[in-house]
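J.: Residue numbers (the working numbering), protein chains in the order written: chain A, 1046 to 1341; chain B, 11 to 395.
For the record, the hints were derived by calculation from the structure and aren't laboratory data.
The structure displayed is predicted, hence computed values, not measured ones.
Be aware that one or more of the hints could be misleading.
Stated by the list, open to error - Simulated coverage check for chain B against chain A, where a stretch passes if three residues somewhere in it have a Cβ under 8 angstroms from a Cβ of chain A:
hint, segment
1, 57 to 66
2, 139 to 147
3, 238 to 249
4, 322 to 333
To be verified - Which chain A residues stay away from chain B? Per the calculated CB distances, all over 10 angstroms, these:
hint, residue
5, Tyr-1206
6, Asn-1211
7, Met-1277
Ideal Cβ placement from N, Cα and C applies to all residues, glycine included.
Residue strings, one per chain:
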Amino acid sequence: MTVAENKKTIGNIPEHPKSLLLRMDRMPHIWCSRCGIGIVVGCLAAALEKAGLSPDDITITSGIGCTGRVAGYVKVDSFHTTHGRAIPFAVGLALSRPDLKHVVFSGDGDLVSIGGNHFIHAARRNQNLLVICVNNFTYAMTGGQLAPTTPVTARATTAPYGSFENPFCLPNLAISAGADYVARWTSLHIRRMTDTFEEALNREGFRFIEIIAPCSTIYARRNKLGTGLDLMKYYYENSEIKHDATAEELEIGFQTKIVVGKFVDKERPSYARAMNRHLGKILGKKYIPPEVGGPQ
Amino acid sequence: MHADPKGVLTGTHYLDGDHAAAEGACAAGCRFLAGYPITPSTEVAERCALRFPMIGGTFIQMEDELASIAAILGASWGGLKTFTVTSGPGFSLMMENIGLGIMMECPCVIINVQRGGPSTGLPTLPAQADMMQARWGSHGDYEIIALSPNSPQECFDLTIEAVNLSEQYRLPVMLMMDECIGHMTEKVVIPLAEEIDIVPRRWTREKPDTYLPYKPCDDLVPEIAPLGYGYRFHTTGLTHDQRGYPVLNAETQEECVGRLMDKVNKNAENIYHLEKHNLDDADVILISYGISSRVAIPAVGKAREDGIKVGELRLITVWPFPENLIRELAGNIKAFVMPEINYGQVVLEVERCVGGKCKTRLVGHAGGWVHDPESIYQAIKEVAQ
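Could you put the whole structure together from the sequences, leaning on the hints where they help?
T.: Here it is as structure tokens:
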């Protein structure tokens, strides 16, 4: 059954429209009201529906943090791993089960601080992963510490006088590491985000999508930016779609313009495809393609 | 179930321990290795890089050991038999995700070809100083299985045993080699595939709607669901209930961690692999493992020539530790003598089990060389008086 075919009801009340993809027995979730993560999960669910995929066609792997909890709420084979290691864990999944689509869903601190080395190497090798990074500019679950994405002058509990260190610009990082597909949206861009997820789900290789999302309770409050709703207004007023943006234009300052769009869309053979092709060519008939895991 | 003949290089070979371990992994059905180069273990990965493309395996050299262990956990959930190989510094880096493997109950094998430490230590010289790290290195309470080979033949045999134990009990199993065994070249006999017993993955027979990922079977080990078959299971490093869902309270912690301990401890009698000689009438018992058991042979021979009744107990399984056996033996003898290439690690377990009932003598040093048999002989002679 695909998501579109799910017409379950509880008595006369229709179930949550995305209930086929959510672990309803785990609701309510731990995310704060006005947090942006749920929107991103909703868009991924919608993208699966649009792509005609069944929940049995994908796995979702998360690391640690607020976004790291996504794996626990999606009703697919899902893995909540250690801090920073979602990508290499999913590399193992992807190489052992190339017949499935593998999504890494985690936060900015998890993917590009503690897990930064894995991020660039998975992109370099073009591992067959769709990496969705919810960037809220802070370590939210631990109470609002400085992140590798925190804009200069923004405050964090461990930068009480404001940050003075240069943040990573995630699309630039992914592009320079060789990612095949790089996009950025905010949690306001629901339709475009969903379309990008749908397109990326049906592609091969290392695909990276950054979603700028509000952390209402921690980041917005500490920086006197109002609530999550005010941040959504800020995205509305300050984001600009520019698919051919330069590296400099992609940089994000404190409450400055956010350039969004799809910045890279190219095709290289994935790691697994390159391995098969190369070893097949060198070894000829002696080459036995990798076994696929699962019951025989 | 027998081994897949594709991976079994049947015949008589002249191999070092590292190469023999790689062949053991191939024979055991390992088809995924993620590793990072580190002396003195690299030859295992090198041989698999050469062999795997011809047996349907995937070898990937990862960016570091953190990634290596994470990738083998992922590939194990993908349904392949997996292992990684490293030495001290890399073993240290793997510790956090060894805990994840324990918590998620993920079958896999970690080979540690031990070298001198701490830190960079002695990259090319032997030690047995990671034995307690194998037991306790990741945070929190857990039980582990660790095996220690003393010859290239055993590097082959015990790699298969390690893979089988990891599948049977669903946990990371450590193969604790050392530089000396890893680089020692001897005859290795690889049997026919049908002579090698293989423990298959414990796939569940439950239907998705009744399946609980962490509901234990009678032997306290839960069954695994394959990906993409509608089970839609969740697994986490957080404390979890039988559904695999995080439940963060004391009761669930007790049930979750308690079973991780019990599944090893209550099955320990089936896990122990020990070699025993002349224990019945012994006055002194030499306990050893790995290369130290080889070096002790002339020392024991010389002591016997002196008329000292020396028994030998070799720990092929070091963890879980055979505590009941040590307790029983302690009441009947004068002393245990234990050579280890460290300043006293496994000997602490011996002392704990002996509880003062007999003497315990460590023959230890900091690593870089194997024991002089004379030092072991002198220790046996002293405690026998």
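J.: Could you tell me which of the numbered hints above are not met by this structure, giving the numbers in increasing order?
T.: Numbers 2 and 4 - these are the hints that the structure violates, sorted from lowest upward.
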